[in-house]
Amino acid sequence: MQEAAVLESSLRLLCVTGDEQGVRRVVDELPAPTFSVEYVSRYRDAIAAISTGLYDGCITDFMMRRGTALELLHVLHQAEYSGPVIVITEESDHR
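In terms of the working numbering, the sequence shown is residues 1135 to 1229.
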């Protein structure tokens, strides 16, 4: 997993993206410094990270390497993950 700059805080946010700069624009709009951010780029890394129970929320691209946000949401639901998930995309997709 790739780690990005981490801000000192009490909330941990996982960002799943192949476009770290694009998601950074979204994250930069959040109030700081109230959270820390870790970036991963692959679906399997997202599953592994979320399963640790260390994250309070997740921002994810709709499309990621070898998976989609819908598949991730299904896994999170099965794991009874209760944190918020924000799904973003740059592409039109009517699924």
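Hint data in this document are derived by calculation from the structure and do not stem from the laboratory. Source: prediction; values computed, not measured. By construction, the Cβ of each residue, glycine as well, lies at the ideal position given by its N, Cα and C atoms. Incorrect hints may appear among the rest.
Ranges between beta-carbon positions, derived for each pair [said to hold, decoys possible]:
1. Gln1212 x Gln1155: 19 to 25 Å
2. Gln1155 x Val1221: 24 to 30 Å
3. Thr1168 x Met1197: 25 to 31 Å
4. Ser1144 x Arg1200: 30 to 36 Å
5. Ser1185 x Arg1159: 16 to 22 Å
6. Leu1145 x Glu1214: 18 to 24 Å
7. Arg1158 x Asp1190: 31 to 37 Å
8. Glu1214 x Gly1156: 17 to 23 Å
9. His1208 x Glu1163: 14 to 20 Å
10. Arg1159 x Glu1214: 16 to 22 Å
11. Arg1199 x Val1160: 27 to 33 Å
12. Ala1213 x Leu1145: 25 to 31 Å
Tell me, which hint numbers fail for this structure? 1, 2, 5, 7, 8, 9, 10, 11 and 12
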